[in-house]
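Asker: Start from the sequences, fold in the hints, and give me the full structure.
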Amino acid sequence: MSWRQDLDGPAMMTTTVPSISAESTSRPDRSALILYATETGTAQDIASSFRPLLAQQKFTTVEIIPCDDLPSPSYLHHYSICIFVIATAGQGDIPNNARELVAGAELSGVRFACVGLGDRAYLKFNWAARKARKRLIQLGAEEVVKACEADESGEEGVEGGVNEWLVGFEAWLTEEWPTANGGDQGHLVVEEGPQWLLESADEHVHQPHANGSANGGHLNGSTELHASSRPQLEDGIPAILTLNKRLTPPDHWQDVRLLRLQTPLDLDYLPGDALALLPENDPEDVNALLDLMNWTAVADVPIVLKPAPSNMSNATATTTRTYPCLERPSLPHLTTPNSSHDPSSQPTTTLRNLLTTTLDISAIPRRSFFRTLARYCTQDTFQRERLLEFTDPQFLDEYFDYATRPRRSILEILQEFQAGVRVLGSRLWRYCPC
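The opening position of the sequence shown corresponds to residue 553 in our numbering, with each subsequent residue numbered one higher.
A few of these clues could be false.
Unchecked claim - Only pairs whose alpha carbons sit at most 35 Å apart, straight line, appear in this in silico DSBU-like list of lysine-lysine: (1) K858 x K610; (2) K610 x K698; (3) K676 x K797; (4) K686 x K676; (5) K686 x K610; (6) K686 x K698; (7) K698 x K676.
What the hints assert, rightly or not - Quick list of the computed label-pair ranges, beta carbon to beta carbon: (8) G706 x P835: 21 to 31 Å; (9) L819 x Q643: 21 to 31 Å; (10) P790 x W729: 21 to 31 Å; (11) I689 x T800: 37 to 47 Å; (12) A723 x D825: 39 to 49 Å; (13) T794 x A828: 15 to 25 Å; (14) I689 x H804: 39 to 49 Å; (15) G706 x D834: 45 to 55 Å.
No lab work stands behind these hints: they were computed from the structure.
Think of the CB as a built atom: it goes at the ideal place given N, C-alpha and C, for glycine as much as any other residue.
Answerer: Here's what the structure looks like:
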């Protein structure tokens, strides 16, 4: 049973699910679960942007996961607040990773807030979030603040709508959980702990090859990627790109492409089917970033990614959770089915491979990226002020002219604003999209 089936059909449920009340669960006082439903990654970016606010409000537990990583709807009862960030796919559809999120659940005692991402240029504006919100209320969940319906066609895009909604949400948080000192926390900057730890792969687990390369790495820094390091997806189909043609004029701000793929097998597909491509960054761009961050010497050292312990930072007290906690969300293309947190069971990779296949250093950054970079640009006042201008709504046209219209990438911006790059350092992994 899915949201689509439940909402378009009768309101009565025929599925029997054991009731779980808020009183019957062990729930920390300040804990949040943020679930996002997305097709292109926008909802994930928005969801991640909420973490500093919750840290500022002294939340001790914050989990951010895609909707389909939720083991069971009963997990919603283990959090003080659940925030759903729902983008709209197609003509008002719920993204694929959220269609069975709360099917047949009993959610009495669950408190939630809903953030919808849509575009008024389409007929069914924010239809997916409205469906999700309606279903959550039908199942007994309590909405704590008015839902956000962010509009991509608005003057400030979806970020503007979300920022406006955050004012009311922050007011609710402050009323529900007053700060211990009663003071104004508006200018408090909380440094988050890492979500992932990079550890050197044990030699007895992952032996390097005689030529100096490692499983998942490159040949002594060469730009040719090993076949073993390419993403291996269960339902993946290898294909050869035979045509990559731009359809829009070179001076047009949209880059629309015609791609022609050659596959070894004839594929059966129906109208509405979607094809996901896993691109790679240009090796020259990867080398440029490695040089910029002073990572070249360790670029090809075999490493293992391990989820960091779930905590906010040293600035906030961390409690030991006594309820079943969620696993840290996986980085795309890196985890293996049923892999544990033991390094010996984790796939080996390298910094170069991560920058080539996983982190999108060619993405056009959102305004939040400029705000983050400005935070670490403490030694150059001019660069810091310039970065902050791009985050100011009254200078929105400057942001569009600088980043969006010329399609300036994260790498290019890091190269231009180098004052904050070295301070940003390893935190780049947190702010660069996957």
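Asker: Evaluate each hint against the coordinates.
Answerer: Consistency of the hints with the structure:
no. : hint                    : result
1   : K858 x K610             : holds, 25 Å
2   : K610 x K698             : holds, 23 Å
3   : K676 x K797             : holds, 32 Å
4   : K686 x K676             : holds, 15 Å
5   : K686 x K610             : holds, 30 Å
6   : K686 x K698             : holds, 13 Å
7   : K698 x K676             : holds, 19 Å
8   : G706 x P835: 21 to 31 Å : violated, 38 Å
9   : L819 x Q643: 21 to 31 Å : holds, 24 Å
10  : P790 x W729: 21 to 31 Å : violated, 51 Å
11  : I689 x T800: 37 to 47 Å : holds, 43 Å
12  : A723 x D825: 39 to 49 Å : holds, 44 Å
13  : T794 x A828: 15 to 25 Å : holds, 19 Å
14  : I689 x H804: 39 to 49 Å : holds, 43 Å
15  : G706 x D834: 45 to 55 Å : violated, 33 Å
In terms of the numbered hints stated before, the structure departs from hints 8, 10, 15, listed from lowest to highest.
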